[in-house]
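Assemble the dimeric complex from its two separately framed chains, guided by the hints.
Chains A and B are the protein sequences, given in the same order.
Using this note's numbering, you'd call the opening residue of the first sequence number 762 and step up by one each time.
Using this note's numbering, you'd call the opening residue of the second sequence number 33 and step up by one each time.
By construction, these hints were calculated from the structure, which means they are not laboratory data.
Incorrect hints may appear among the rest.
[Unchecked claim] Residues from chain A that face chain B, not an exhaustive set, calculated with beta carbons under 10 angstroms:
hint : residue
1    : Met990
2    : Tyr997
3    : Asp1177
4    : Asn1179
5    : Val1183
6    : Asp1189
7    : Arg1246
8    : Tyr1248
Glycine included, C-beta positions come from ideal geometry on N, C-alpha and C.
Below are the chains, spelled out letter by letter.
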Amino acid sequence: MLDEKHKPTEQGFETFDVEAVNKAGRRQPLYAARKKVFPKRAEGNFRRFKWIVMAITLTIYYVTPWLKWDRGPYAPDQFVLINLEARRFYFAFIEIWPQEFYYVAGMLVMAGIGLFLITSTVGRAWCGYACPQTVWVDLFLVVERAVEGDRNQRIKLDKAPWSADKLVRRVLKHGTWLLIAVSTGGAWIFYFADAHELLDQLIHFEAPMVAYGTIAVLTFTTYTFGGLMREQVCTYMCPWPRIQAAMLDEYSLTVTYNEWRGDPRSKHAKKMAAEGKPVGDCVDCNACVAVCPMGIDIRDGQQLECITCALCIDACDNVMDKIGKERGLISYATLNDYNENMALATGSDLAASHIVPANVRDRATGKLSDRVRHTNWRSIFRLRTLVYFLVWGGIGLGMLTVLALRSSLDINVLHDRNPLYVQLGSGDVRNGYDVKILNMANEPRRIELSLSGLPTGTMSLASDTGERPDGVTLDVEPDKVMPVRVYVTADPAALDGSNVEFNFVARNIGGPEQVASKVKFHSPER
Amino acid sequence: MALKEIDEISGTETTGHEWDGIKELNTPLPRWWLYTFYATIVWAVGYCIAYPAVPLVGEATRGVLGWSSRADLDKTLDAAQAAQAGMIERIAATDVSDIIADAEMERFARSAGASLFKVNCSQCHGSGAAGSIGYPNLNDDEWLWGGAPEAIYTTISHGVRFADDENARFSEMPAFGAGLLEREQIFEVAGYVASLSGMESVYPVTEEGAQLFADNCASCHGTGGTGMQDVGAPPLNNAIALYAENADAIVAQVTAPRHGVMPAWQAKLGDVAVKELAVYVHGLGGGQ
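Chain B extracted, bound-state conformation (with noise of 0.2 angstroms):
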């Protein structure tokens, strides 16, 4: 072995490295931390025994406890699921209405709804179900069929104006410009509903034009156009609008109006996701 130095400063062995003249001083290491580093070499081989560890072409060794974390989040969900099973046939025993009566179920039910809401309903209606034009918003105090638990259940299972299931709601609007009124006649019906709802308007507000509201509109509407839910007719005396959010679009909407639909959920979903649904959507906030 080569004969040892020792560095004139700090009188401490040098390892007989050196760089550029920097020679590295040797301040042994615990032999006891050695062997720990040894052990966690020793841990290392083991684990990469036990789990999977190596990745090959096609997947990963196995490991020979046959740990997979997708079959651990499988157990995750199985234990999940039969937690709540309970619970789930409950809700499928109970009308709405009692769902929503019972602080527990609805406490379970309304988070189900929630995240249920997020995945199938929130591309149209929002995630926050603020809904946009045309898209109804569900937090408010206006239901185009209904707001109480039952008539929302009803809705999300048969959807509207869905042509796959014949319970759906359905209703259409005439389109008054294809011959049904004269141009002037529709700018006079769009002043008389713009003033409905106390909206700025260019159109004049006309005796004509009331009379014609009368004539052709307050069937479903109803008088003052208060709204038909049995029919999917929205009231057009207040500060909602589903399209029409000013005077011109009252006119285009008389004219050739749109109608939104909407899935039927129950074959879908299941019952007791349409319930939960059912449960979020009227405690939004407008619930009737």
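Looking at chain A on its own, in the form it has when it is part of the complex (with noise of 0.2 angstroms):
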């Protein structure tokens, strides 16, 4: 399928006719069409870390709606439930009701200070190998390639007439890119229901229409931004990559095109060197610019469009292992260490000079010079991450901690405001509360509800007649909240003022859960 021009050379690499989207000084006009990109397979370690990134993160979506946690026989057993009908969230031994929503405040606030700690210390890993775009991007272009072939085969497909065969491999690619966003929408669904029973429903068309209809809209947008859109929505719709700039600084890891041992670049290395001329690593090959998903040239510096993916590492590797130079030609680098190598390459510190690659070489072997610097790992231990880490780890050992001390028990008491107390005719006060047992435990409780420190309290229900000095007792059910309409009655005379604090207390009988709610008790100025 080669043709000439693709062929190896005689240096024994391979150059590609590609060039990058964003071309810097290109014209364009106000709108801009989307230039097509085909990225080339990739092979190298990046490559396959991003296959093991990619083979967890899809096993992690399409199996946990159906793996089980055992709650005993008043929960749902499923591993994660988000029951928004009840309003439960289940999350293996953690159940979260919709009170206790500041766990999940809490989980997105340690997702945001995560991201700023993973950016600021190794960039945008984020957007080259987790994010969900990046994953399906990739999972929809395994499936181009073993449709259409690799990027030439792809380029010479889409520049040939319609015919049978292109016909059948657009139809055989668009119909798996719909199944992989059919299954990808029918996934999310499970999160939210009985995972099995729901799948016996869709088959049998007797889901209710909002699982159809999440289905419909998720293979709609997955299919779009995998499929069609993929590189537009990180460059167009992302916020991340504006906000990505305030993340970074010279000590993060990005990258990087190491101008300093590759400028000048030239396709035709030996023939300059012949002449006297200098030159640099860089073969102008656009190897990296190929395998690009962004479609991007690295080698313009960085730039929001680049998700960091680091595939233009592999392909450049590979082609430096070819021609016998050193790896890392592109590399993840700080600006810190690439401004030092500049600056040794130029030979001052003004990195618009003129590139010597000599300078960056030992005269004697050849090979890169022990004064270049190189990528330092501990440059992810300073200051700023461990501030980052501090407060990230901070709150998630809060939550922690808060979620392990958390009664399962709670009550929660309303004062009646109109009216605010009842004289009686015995010359008693008697006011009214909307008391709600909330019973958190996956088990039926028997719940004793009492007065505390109000001087000749009694207590009674609504739904019946007959005072309760000593409290009532109540069933709650497994998981439920029980509202309660009780009457407090006491002596005005006895009390100190006309407006005395007193506490409800909820106290599990078998068990050792005591709650108490403040509240206040009103009767008439005197």
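Written out as structure tokens, the structure reads:
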């Protein structure tokens, strides 16, 4: 399939006829049509790492709803379940009620700070490896390559007139994409209901409309974003590329083209060298551009389109191996290292000065000079990342502590506002309260509700008559809120003022848990 | 076309627009974004045709779908009424005390009664039913005409001293200041009545006062001021007062009594609504 131009040259490496979509200085109209990007398959350490991350993330996504976790007879046994109807969130041994939503808020804060932490150390690792957009585009590219071939075949097929072969391949590709998209949307809904039951309903067209609607929406977005729009989503729709600049500093590891050893670039390095002209390690083969899923040229420097997937590193390392040069012409490097090395290469502190490749090489051996600074992984340990980590870890530890110490019994009391109190014939005063007893345990419990700290105070339930000086015993269903309307009656003469505080106490009979709620008792001004 | 100009610093082409030396760079928008914008315009046009949109002199254009928010509301209300029809029929066929005994009916009637109360009753009795001077508090344990479910139902149905309903609750306390008692005698009665509920009073408690009460008041208010629900005579021996919150007010009430009037609601609201109100009022905490 390779034409003449793509055959390996006598130097032993392959060159590509490819140009960056955002090449500096290009003239463009006010509205630019999307330039098609045909990423070539890369091979290497980072590509392998991305395969592993992809396998792990996709496995987590698709398998999680089918995992089980025994919570006893009164709660669902799904490992992760977001029950919107009952307003319960289950994650392993953790169950969250709506009023505990701050755990979710805390996790979002952790996710945000975690993103800052990762970005300030290893750049946009999230974008390059773990973002769903990246993972699904990668998956869609696997399909595209399997059906239409690698870069050159795809370009050829794209340019070719419509034929039976092209039609079959296109239908096959888009069909597979849609299948992936449907199963993406399909997997999503299983987090929100009993997975087995819902699957059964789905197959028999008995599932709720919202399930089918969600699948339809997510199928559309997955297919459009992962198959059709790809890099456009990252460049134009995602806010993160704009924010990341504030997160990076001169110690952050970013995918960097090491200009100090690469320039001046030449496809004809040997010829140039023979003529005595300075020539760098970059053979201008464009392999880095060909593999880029964003279609950019990393040699133009850090840019917002770069998701730091590091595939250009793999591509370039392979070329360096072939021409017998050291790996790392494109590498993860900090701006500090880059600047030092540039200074070394130019022989001065002015980065704009002329690069002399010989400056960074040992004159005797021709190897890279000892004075060249290489990536030091210790650069990730610095004050900024430490602060991010401490804040991140502090919130996490705080949440874990609160989670471990939280009570599975709670009581909310709302005092009547109108009327604040009721004068009774006997001279006593009655106050009304709406009491809610929250049994957050997955077992039925017997709860004793009593008063504490109100002299002469007795309580009665609105649902029956009869005073209960010692409190009432209530059977609360598992994982439920029990509302009870309670009247509290007291002799105002025995109280210290017309507005006194006392406690409602809820105690778990046969268990250690006891919670109290401080409320007020009003009586007429005297 | 004019010669394209490239900004020296950014290397980006300019649009040719310039304001006081500041030039606008041309960073192209993706074309699909433009098409998305066009699509929203098309959507807006279609929406304006399908739904009420363009305001005219009298009303807005109706839209070809014929949708209106009022019709939508009517539909919602009809659906709600249809959903409640069964329960309303059951309430119509059940006595108030039996409604209270049935948890499901009680819950429905109480919430219906709560909103009926806010609309029809809160003007006098207050939104929390706590009443005020001359308007009874419905939360407490004193009832002028009876606190049992059926008694409350009757009171709401026919009203109190309501001229247009011949079955209205009726009673009238004589104006003792109009020749029945001397001024000094009224002071003595007031002193005795104040003592019944332990109220502080400037009027002395005397044998004569007690005797005057027994002769003139006890026939309705009961011996010792225990009250009598058959004639709507409030008990005077407790901490609750309808008009007379102090001894002077007792004097005023004995001299020239005020009488509250409540309209009959049966004819106006219908039987079901009155039952719902009775359930609500009975459930306020003082029901008997």
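Holds or violated: is there a CB of chain B closer than 10 angstroms to the CB of Val1183 of chain A? 4 angstroms, holds
Any CB of chain B closer than 10 angstroms to the CB of Tyr997 of chain A? Cβ of Tyr997 of chain A sits 6 angstroms from chain B, so the hint holds.
Please verify that hint: Met990 of chain A, Cβ, nearest Cβ of chain B, below 10 angstroms or not. 8 angstroms, holds
Residue hint Asp1177 of chain A, partner chain B, criterion CB-CB below 10 angstroms: 7 angstroms, holds
Against chain B, is Arg1246 of chain A within 10 angstroms by beta-carbon distance? 9 angstroms, holds
Identify whether the interface hint at Tyr1248 of chain A stands, where standing means a beta carbon of chain B within less than 10 angstroms of its own. 6 angstroms, holds
Would the hint on Asp1189 of chain A stand, with a C-beta cut-off of 10 angstroms toward chain B? 8 angstroms, holds
Does Asn1179 of chain A pass the interface check with chain B, least Cβ-Cβ distance below 10 angstroms? 3 angstroms, holds
In summary, the structure agrees with every hint in the numbered list given earlier.
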